[in-house]
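Protein chains: 2
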Amino acid sequence: MGWTSDLESAMQMLIKTFHKYSGKEGDKYTLNRGELKELLLEELGTYLGNSKDNEAVEKVMNDLDANNDGEVDFTEFIILMGALTVACNDFFLDFQPK
Amino acid sequence: MGWTSDLESAMQMLIKTFHKYSGKEGDKYTLNRGELKELLLEELGTYLGNSKDNEAVEKVMNDLDANNDGEVDFTEFIILMGALTVACNDFFLDFQPK
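Those protein sequence lines, which keep their order, are chains D and U.
Position one of the first sequence corresponds to residue 1 (the UniProt record's numbering), numbered consecutively onward.
Position one of the second sequence corresponds to residue 1 (the UniProt record's numbering), numbered consecutively onward.
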């Protein structure tokens, strides 16, 4: 043991980042709207743009909060990150020589 | 720019790891069965166990290759990683004080 692959690090970073924000207030294992907004702005500023109240953040929050309970659980967070990662991969591939 | 958050690193590691194996042979943008097996054993040995031909690896390969085309694309890979990350998170939470 001891050695950690990039893939294992990626999984650990996803888990660590979610709980860093979900633990701040209310239910420790879900993100409320404030916690989600903070996570998106602080951790994904590069991808979503750095404006403090931009459309991308609002759109993500509304999409994830479709049932209006105001909470995002870990599975919903992972679905979001998966969709973002696929979008990123497509973006990079567009710049590859065919 | 320049500063990269843990979440952005995680996305980059997922993309980098997939292409490290998908580029080895055949279609550069999909994993064939051999490439997938190599990725799982080399990058996820800690989670799947370290035996060279264990059941976990075979099960993942069969699940992902449901359409029998023998290729796993990036979106399918991300769905697998998402499911594994959610399972890991559940596992860690079971050991948290309630």
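Note that these hints are calculated values from the structure, not bench results.
Since this is a predicted model, take the numbers as computed values, not measurements.
Virtual Cβ for every residue (Gly too), placed ideally from N, Cα, C.
Hints may contain errors.
Simulated restraints, written as ranges between beta carbons of each label pair [what the hints assert, rightly or not]:
id	chain 1	residue 1	chain 2	residue 2	range
1	D	Tyr-29	U	Glu-25	19 to 25 Å
2	D	Asn-62	U	Glu-38	23 to 29 Å
3	D	Lys-28	U	Glu-25	22 to 28 Å
Where chain U lies over chain D, by a calculated footprint (3+ residues, C-beta under 8 Å) [what the hints assert, rightly or not]:
id	stretch
4	12 to 21
5	40 to 47
6	79 to 90
Here are some of the chain D residues that sit facing chain U, going by a computed Cβ distance under 8 Å [claimed, not checked]:
id	residue
7	Glu-8
8	Tyr-29
9	Met-61
10	Thr-75
11	Phe-95
Now for the hints, and whether the structure bears them out:
| no. | hint | verdict |
| --- | --- | --- |
| 1 | Tyr-29/D / Glu-25/U: 19 to 25 Å | 42 Å, violated |
| 2 | Asn-62/D / Glu-38/U: 23 to 29 Å | 41 Å, violated |
| 3 | Lys-28/D / Glu-25/U: 22 to 28 Å | 46 Å, violated |
| 4 | 12 to 21 | holds (count 6) |
| 5 | 40 to 47 | holds (count 6) |
| 6 | 79 to 90 | holds (count 8) |
| 7 | Glu-8 | 6 Å, holds |
| 8 | Tyr-29 | 7 Å, holds |
| 9 | Met-61 | 16 Å, violated |
| 10 | Thr-75 | 5 Å, holds |
| 11 | Phe-95 | 13 Å, violated |
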